[in-house]
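Protein sequences appear in the order of chains A and B.
Sequential numbering of the first sequence, starting at 1164, is according to the working numbering.
Sequential numbering of the second sequence, starting at 7, is according to the working numbering.
Any given hint could be a false lead.
Taking lysine-lysine and the BS3-like style, the derived pairs with C-alpha atoms no more than 30 angstroms apart in a straight line are [as the list claims (entries may be wrong)]:
| hint | chain 1 | residue 1 | chain 2 | residue 2 |
| --- | --- | --- | --- | --- |
| 1 | A | K1264 | A | K1377 |
| 2 | A | K1168 | A | K1444 |
| 3 | A | K1666 | B | K92 |
| 4 | A | K1277 | A | K1264 |
| 5 | A | K1489 | A | K1460 |
| 6 | A | K1444 | A | K1460 |
| 7 | A | K1685 | B | K92 |
| 8 | A | K1789 | A | K1708 |
| 9 | A | K1789 | A | K1581 |
| 10 | A | K1708 | B | K92 |
| 11 | B | K351 | B | K362 |
| 12 | B | K135 | A | K1489 |
| 13 | A | K1685 | B | K135 |
| 14 | A | K1375 | A | K1277 |
| 15 | A | K1337 | A | K1489 |
| 16 | B | K135 | A | K1666 |
| 17 | A | K1761 | A | K1581 |
| 18 | A | K1377 | A | K1466 |
These are calculated hints, taken from the structure and not from any lab test.
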Amino acid sequence: MPVLKNISELNDFRKQAKAQLSDREDNKLTIILGMGTCGIAAGANQVADAVRSELKKHKIDAEIVNVGCIGMCHNEPLLDIQQPGQPRITYKNVKPAMVGKIIEKHLLNGEFSKRWIYGQLPARDGTTVEGIPTYAELPFYGKQVRIALKNCGIIDPESIEEYLVSGGYGGLEKALFQMTPDEVIEEMKDSGLRGRGGAGFLTGLKWEFCRKAKNTPKYLICNADEGDPGAFMDRSVLEGDPHALLEGMIIAAYAIGATEGYIYCRAEYPLAIERLKIAIKQAYTFGLLGNNILGSKVVFNLKIKEGAGAFVCGEETALIASIEGKRGEPRPRPPYPAVAGLWGKPTNVNNVKSFAIASQIMMNGADWFNHIGTKKSTGTAVFALTGKIKNTGLIEVPMGITLREIIYDIGGGVPNKKEFKAVQTGGPLGGCLPAEALDTPVDFDSLTAAGATMGSGGMIVVDQDTCMVELARYFLTFASAESCGKCVPCRIGGQRLLEVLTKITNGEGTLADLDEIERISKYMQEGSLCALGQLTPGPVLASLKFFREEYEAHVTEKFCEAGVCEGMFTYEIDPDPCTGCGLCAKACPTEAITGEKKEPHVIDQSTCIQCGACYDVCNFGAVLVKRKHELTVIEPI
Amino acid sequence: MGNINFTINGERIQAEQGQTILQAAREEGIYIPGLCDHPALPPEGACRICLVEIEGQRALHTSCTYPVSEGLVVNTNSDRVRASRKFNLELLLSDHPMDCMTCDAAGDCLLQDLAYEYDVSEDRYQGTKHHYSVNDPNPFIQVDRNKCILCRRCVRACREVNGVEAISVFYRGFSAYIGFGADSSMDNSPCEFCGSCVEVCPTGALWPKMSLGEGRPWQVERVQTTCPYCGVGCQLILEVKDNKIIKVDSAWDGPSNHGWTCVKGRFGYDFVHHPDRLEKPRVRKYLLDGKKKPAASKRNPEKEGNPWQWVEVDWETALGITAGKMRQIRDDHGPESMGFLTSAKCLNEENYLMNKLARQVIGTNSIDHCARL
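If we strip away everything but chain A, and leave its shape as in the complex, we get:
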């Protein structure tokens, strides 16, 4: 395919691709496999092998298409079957052994194994199969509005044709040929899009600062150094829809006047990098990158820079230092990157999702976008829903939705009849919110006001079995280990804060230590060089604010009600619900549990090692976490 030299060549190419794709949909059996990192980790490669051998066995001719993650981690691996003119039917939790039966029943007998089916995506003409819910009818998808994730799991990320057919590069076309750079920036400002990396700064305004900077050349950087534990929003876009990112970046480069760009992606995302490389190569081949983009005078060259795994390189100035080949450490601002960034030149850094959304805003207009979400937080938010929740996965919801809706309606609530305890947003630098805050609307300002942060989209749900002190200690361990070590409050302050928390979870804390937590946190927040140090105390402060009694129980009674902190609780069997089933006695590694069959059992405290095996196996909630000492020991203040 030659370089596309103008819009009509682009449109011709799009039409051609559309005809090919429609032809496939109308005439060919297509089997679609979820091949994001999540799917592959769940066994999608083995499923793919099984699909190939089964098709060969039955001599069935089918097109196998690999797509990115559609967001249903709890249902991976996913296998979709789309017969000509028929809806796309999704099978969930597919194991290689199931493939033979699925193909036999579905393709040879025309039957559906409903218990294995998750749902269906209607065919192009709206055709559906009766008795199978459509995605829109399913609670997991019903409340979602997918903009950044629009194509993830739907199109083949390695096919520029499929991206074009989905309307891709339409936003670029509009920006490049119908708008001036200033108009593009105005449109972005009107859309109200706030940076999806976490800070929530107005993207249009950021572009404007960089555009107005005098120096040249100007650089554009995509921050794809997603490092929060349990967060995989950016990875999903990179793996599932890389052209959406490229389109957003080319639009931004045009608006700002940037001629060179970098995608800073962590090396731990090999599949994302591979798909990005393919997409960049395609974009160069078709004249969407390089000199004279689509025949215009716009020049934009794009490279991938692989990060070496430092969390702090997600901070934009550290990221810039890393691209320059220096140690990945933040430098003080001002000057801001818009004035002096990469190689001292004006630089604009945005998150993956911000770019992916920008291309949609150009395509559909600012008004379309700012009518979604709330007034001050327009559009959608992408969350990686993890932890103690039934439907783990990747979701995109309109801003303003409540935490309750996300956790209970979309997430399906807490599994195993356990009680919801808290939700951590904003990753290891965010904060947790308790059950009382579940009706908080999810937007930048409300979450911050409530004591958490929006962050880049991690959402971790914890249940009654989680100790909030230990959880805070976990996040702090991560954040302090990832401190670059440049500034004193973060390097030593983080360590000292961690030591105070460790003292508490070891049962050696005092009430004075709670004040000490607040004191260290305050100075870290106001004196650290970058956001990493300033936000490191966030999770600790939030949990201390909402779960102070739990902290106090740890220091005054040496009691961990969640049964997590070693030596700070005992297990006892409540004779009422105990049915004497004996499961606990079998599970106990030290034979500390005794009892007659069908009679309540008893734990011998002298041999119990508090391993929790009995607690985990009991089906009747009869094993209880109890205080270790009868006497309450109150520490002197």
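We have chain A; now place chain B onto it with these hints.
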């Protein structure tokens, strides 16, 4: 006076565009404490001691990095700022040996001065402390990472001023430390031992090995002099105790070295007090007696009365004999029989005089200089 107007502690200040708050304050004589900042090095913003409060800003900012702008309102000494500085000093001292009683840097240590100023006397945290071994095998510089506060002055001096890049930071967070080359010893790195790192180190983390235990800063007399080694003429400050040089610093006001010098100037002073050093001129006994050069077979300079024996004389005698011999060669063999070689260690003026001696006194153009070879 500059063109930017702003306010520090209620006082209206003028500064140049591009200056930092700290630079502008320093010019006005307003004191802002700091550890990682050094006037000869680019700012770092690492130690967080020079934090100031800027009106309208949520967090505190480092004055060493914050550029001045019109209308800025800065407070350098509010309770909030002082509390934050004290916190950072407490943190630094919580991972510091607290052995000022025996530390060579005591009295010449910024950390000690600030601990005094901010009344930080004890380790508030009792947490983990680093215990690095102090065993870098190089001949010149003792590296005591336990005393290092990671201000990175040494890193910047080595990289930004000398372009050697022998020093860098290794690992992250609380595990970060200053290392050399590829995390090796100093003598196994590109280090040239110019000692600039020692000069800028604000604590006792980097200290000349030759100076260890030799004396405290308040026990020495500081004598400014010119380095004898080469014609650059570095200004050095000799720290002299009991008439003995115990340490050499490079002078920041040296017009030719601006505070830097090389391994010879900083560490090559041991010859001064060396027992082998000749302190008076010596001549062979036969020259003093005005006799002819005896046969080499009679050479026994150790023996009293031997014509080859070295005899200590005054300068007048020694130079008189030398001048007489030179004149004799010129007269007997002609000026072209003689040549002169001068040294790069000499000053321009000395080289000029040598030139005069060769051309005018002796009458030869055969004069050369070791730097040309």
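Evaluation of the provided hints:
| no. | hint | in the structure |
| --- | --- | --- |
| 1 | A:K1264 - A:K1377 | violated, 65 angstroms |
| 2 | A:K1168 - A:K1444 | holds, 17 angstroms |
| 3 | A:K1666 - B:K92 | holds, 24 angstroms |
| 4 | A:K1277 - A:K1264 | holds, 12 angstroms |
| 5 | A:K1489 - A:K1460 | violated, 33 angstroms |
| 6 | A:K1444 - A:K1460 | holds, 20 angstroms |
| 7 | A:K1685 - B:K92 | holds, 13 angstroms |
| 8 | A:K1789 - A:K1708 | holds, 24 angstroms |
| 9 | A:K1789 - A:K1581 | holds, 17 angstroms |
| 10 | A:K1708 - B:K92 | holds, 26 angstroms |
| 11 | B:K351 - B:K362 | holds, 18 angstroms |
| 12 | B:K135 - A:K1489 | holds, 28 angstroms |
| 13 | A:K1685 - B:K135 | holds, 23 angstroms |
| 14 | A:K1375 - A:K1277 | violated, 58 angstroms |
| 15 | A:K1337 - A:K1489 | violated, 38 angstroms |
| 16 | B:K135 - A:K1666 | holds, 16 angstroms |
| 17 | A:K1761 - A:K1581 | holds, 25 angstroms |
| 18 | A:K1377 - A:K1466 | holds, 24 angstroms |
Violation of the numbered hints given earlier is confined to hints 1, 5, 14, 15; the remaining hints are satisfied by the structure.
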